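Combine both chains into one complex, guided by the hints.
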Amino acid sequence: MQDLRKIQNPYNSDKVIDACSIFGMMDTSGQRFSGAAIIKAIGNMRVRGNGLGGGFAVYGLYPDYAEYYAMHVMYLSREGKTETEAFLKEKFHLVDADEIKTRPLAAIKDPPLVWRYFLKVNRYQAGIQADDDFVVDRVMDINIKIRDSFVFSSGKDMGVFKGVGYPEEIGQYFRLEEYEGYLWTSHGRYPTNSRGWWGGAHPFNILDWTVVHNGEISSYGINRRYLEQYGYICTMETDTEVIAYAIDLLVRKHGLPVDTISQVFAAPFWDDIDRKPPVEQELLRALRQTYGSLLLNGPFTLIIAHAGEMIGLTDRIRLRPLTAATKGKVLFLSSEEAAIRTISPQLESVWIPVGGEPIAGSLKIPLNPPSPVSVVAAYKMDR
Amino acid sequence: MPANPALKKPHNSIIEINAQDIATHELNNQLKQAVAAGANKILMKNVCGQRYIGTDINSPVEIEIEGTPGNDLGSFMNGPRITVHGNAQDGCGNTMNEGEIVVHGHAGDITGLSSRGGRIFIREGVGYRTGIHMKEYGNKKPIIVIGGAAQDFFGEYMAGGVLVLLALNMKDSDYHRTRYMGTGMHGGVIYMRGRLESHQLGREVGTAELNGADHEVLSGLVGQFAGHFDLNADKILRHEFTKLFPLYHRPYGRLYAY
Chain G
5 MQDLRKIQNP YNSDKVIDAC SIFGMMDTSG QRFSGAAIIK AIGNMRVRGN GLGGGFAVYG
65 LYPDYAEYYA MHVMYLSREG KTETEAFLKE KFHLVDADEI KTRPLAAIKD PPLVWRYFLK
125 VNRYQAGIQA DDDFVVDRVM DINIKIRDSF VFSSGKDMGV FKGVGYPEEI GQYFRLEEYE
185 GYLWTSHGRY PTNSRGWWGG AHPFNILDWT VVHNGEISSY GINRRYLEQY GYICTMETDT
245 EVIAYAIDLL VRKHGLPVDT ISQVFAAPFW DDIDRKPPVE QELLRALRQT YGSLLLNGPF
305 TLIIAHAGEM IGLTDRIRLR PLTAATKGKV LFLSSEEAAI RTISPQLESV WIPVGGEPIA
365 GSLKIPLNPP SPVSVVAAYK MDR
Chain F
228 MPANPALKKP HNSIIEINAQ DIATHELNNQ LKQAVAAGAN KILMKNVCGQ RYIGTDINSP
288 VEIEIEGTPG NDLGSFMNGP RITVHGNAQD GCGNTMNEGE IVVHGHAGDI TGLSSRGGRI
348 FIREGVGYRT GIHMKEYGNK KPIIVIGGAA QDFFGEYMAG GVLVLLALNM KDSDYHRTRY
408 MGTGMHGGVI YMRGRLESHQ LGREVGTAEL NGADHEVLSG LVGQFAGHFD LNADKILRHE
468 FTKLFPLYHR PYGRLYAY
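In order, the protein sequences belong to chains G and F. Note that the first sequence covers residues 5 to 387 in the numbering used here. Note that the second sequence covers residues 228 to 485 in the numbering used here.
None of these hints come from the bench; they were simulated from the model. You may find that some hints are simply not true.
[Unchecked claim] Which stretches of chain F does chain G cover? Using the computed rule of at least three CB atoms under 8 Å from a CB of chain G, they are: (1) 283–297; (2) 332–343; (3) 373–380.
In this text the structure is predicted, and so the values were computed from the model without any measurement. Virtual Cβ for every residue (Gly too), placed ideally from N, Cα, C.
This is chain F alone, in the form it adopts within the complex (with noise of 0.2 Å):
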């Protein structure tokens, strides 16, 4: 279900960007002319590196990708989804607020880095530190679903919000290559597919069988993933899943403060 029904509004008015050889700084400001022009869908072609697109907007608009998008796609977004034909590069979904963005394609290191809400969908696997610090605040709680795996660090010093590792491309056999996973954290949940040796584990985190509220959760989620992809839900959820959770709220609560 996407996360603000305005989402579901017929496209009335869509306005198409060509963004070749268009720098960041004029992309940017295109896009927030056709969304103050009242347009529900934006259509950008030929995206080849920009940064930030998406940054500083606050209402539910559809933005579709064509290429590259560059670093912090959708940063600090506030409403917006964003659709990526493509792969997107580092820190997508940066500190985002609001919003959904769904990549066709991986992701890079960082992905939603310090994010307090939204959702962010990957098809195929991520880079470093996939939501290194994501927070969550009264009904404000970030997502992350990867369909692919992901490299080290996933979930740094999480504190809060939900990551999901599907690790599609991996049988239930394979064990994954990611090394301290989840280090630091002390908020929020993982759940993963896939085998780990206990020392790819951050020492911050525990292992547990998912209970009937984390089932709900993970199916809401990965139904959500499936309709982004054309993907089978059901098949999905067949495979076994773990989850991680934060063994300490302030696990380095006495290292800094005595």
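Okay, chain G solo, but in the shape it has when bound (with noise of 0.2 Å):
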């Protein structure tokens, strides 16, 4: 058996001291660029995972493929492949399909076989079911019954590229400088709860929606089952899947705006509604009584993601760190300045946000002027 302490802790120390690492930048000007600066920038926060979990969500990915779902697929065996594609094949119109380019490394060790296809929901098998609803149904049937497969991709013009390694090793292993996108997040990971295994590495996406996140949710039990409730199956053993299926409820299905999810999520304290105006108390109050079952309990910072807009939140008395930048249009969310400034020595604003509240970057506002008081301001008049 592999000694990890070798790895993990080469200098013998008496404590290691890890946390995950999360780093988000996005053009809001809808520019896109390669990924070889985040994959340079979660380099630079190393020291924060252990080789168990890295990944990246990317936007603006596909614009030739813009119209189709698009679904990365990874199978730990032949079979898996085998019964996976007959599946897709009776659901979907295959528009395309390609195993995803890969470079082969040392480091990353028995990876399994990764592929990408671009589908059109076929009218006949879906019959009245919205094309959303549809995916999600068909990814969690794919996640629960067929063997030895899992979907970890499924939006359109976006991708998540994740497994079991350090963030820029899974980079570079995927062959990520050679895409380009719009907004990119990613994730460097110190599991602690659960086993470091491909498809448990962040971001977890469900059609468009990622989320990467350091922490942890404490209360993923009673989220896990309310979400069952609703169809959505945790298959990828880390608490953050239930994050991503949380969101897709709240927004798509249910309607929210995106600006409120800070508010089921990590919603006020009853003592601080009763300070608020009156009609903004009766929202509150009413988010928390529905969607009680939805709130995060827990330390956590996450960085959710959806076409067109980034958001960073933390909980309410925040227990893990965040920082934000900005640099002409590009809105950067990180665990740690440094890993902002390894990319962008210079920046025009540098702040450390409010626990419990969202900062959003959106493709409908780009920033200009760029300044923290406009970034928050721009985005609550949005809605």
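This is the structure:
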């Protein structure tokens, strides 16, 4: 058996202090850029992880196939691939398919087979079900029913790449410097409560929602059971999975505005609600009462993304770090400022957001002029 | 006045370290070697995220940092004066025993956590839980002076030492946004500018006007702060300050031990 201590503690220190690392960068003008920068940035925080998980989400990734669902699927066996492909051909029109290109690296051990499919919903199969609902259900089908197969990316014009390794190694393995997008997020993992495996790496995804997370969701059991009632089944063995499904439920199915998700996940304390203006009190109480089972308990910092928007959020008492910065039209979110400086030494503004209050970058409101005040104000005015 | 007169010695031996692409462990080894080689002053360039800078150094050497030092800057430090030309990340001055950290920018969460001595001066604001569980004993008394505002849990579980919150980015009539200030505080003192609603304070904290002895301590510390950042101390001291003090010596005594 491999002696993990030598990898995780090369200097034989008395105590190894780690935490996950998260990083997001978005060009709010929609300009696409390669993955080289974010690989370097997340690599700066290497000491926060331990090589048991790394991953990336990219938006604006497949402009030539933007109208098709892009599914990234990992296979632990050939049989899984055969079964899944038969299933996909039955339920969808298969527009294109290829094995995701990789670069052999000594650091990446026993990788699964990873394939990409561009799909159009087969109307005959979907019946009256909306496309998005149909896709979510089929992702659940594959993840639960078909052995050795896991769909880890299922949105349009975006994609997730993840696996076991340090994030900078995973980035090199999937040749992400060859891809371009206007919004990238990344994660370096330090697993605490579940094993490090390829499906358990971040980001977590459903449709075009992705989440990277530093912390521990101690409400995972409650959140998971609540989501099961709506057909979301957790299969990735990591607490963060519930957040991706919860956002899909709240925003896509229940029609809540995106900025209310912070009031569900990091709901203000009851005594803070009591001090708000009456109308706001009513809203906040209704959200806490209706979605009490989606309150995220425990320490967290999240970077949530979907088409055209990136949101950073910490728990109410900020038990995990988040730094935000701007440079021109680019918004950065990071566990540590140094990771931002390593790719953009000169920044126009750098600040530490208040716990429980979201920081958002959006294609709808490009940063201009870039200052922390305008970022927050613009976000609130848009809704 | 610097904590140690040796800091006033002329800089007759300066060693420069280029931290570009050097890992934490290696960079701190180079720093220790420079101190062992007799440097009075060490200039560290291109620092970007390396942690624990200054840890395990027991002499009053001067360390100048250009860039963004990583978490736990000066942790367990015992003597050096660190100047950062930029921002500090989380855990700056973690459990430091003696020395000084001067940050020409802001600092992240848990600044000065569990510190037992030494001084920290931050020109701008600080994140959550500044001075959490700092303590004092005998002539050991940690001091943290913040030029800007603070986020929540300022002075949480504070057991000793002095915290000064100047809030120079606020008007006298402005209210702080911070919540849970001094929660669990059971020792030491906080001097602060700016207004607070009572619900922003921890239940274990009382407020009072400054007395003569308080003013003496505050003006000394503001003088040092102004000296570091080239500001006018008299102008700062003309503002109104409030003193926060612990109501109980053992607020949780009855909770954990009957």
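- Message: Could you work out which of the previously given hints the structure breaks and list their numbers from low to high?
- Response: Structure breaks no hint.
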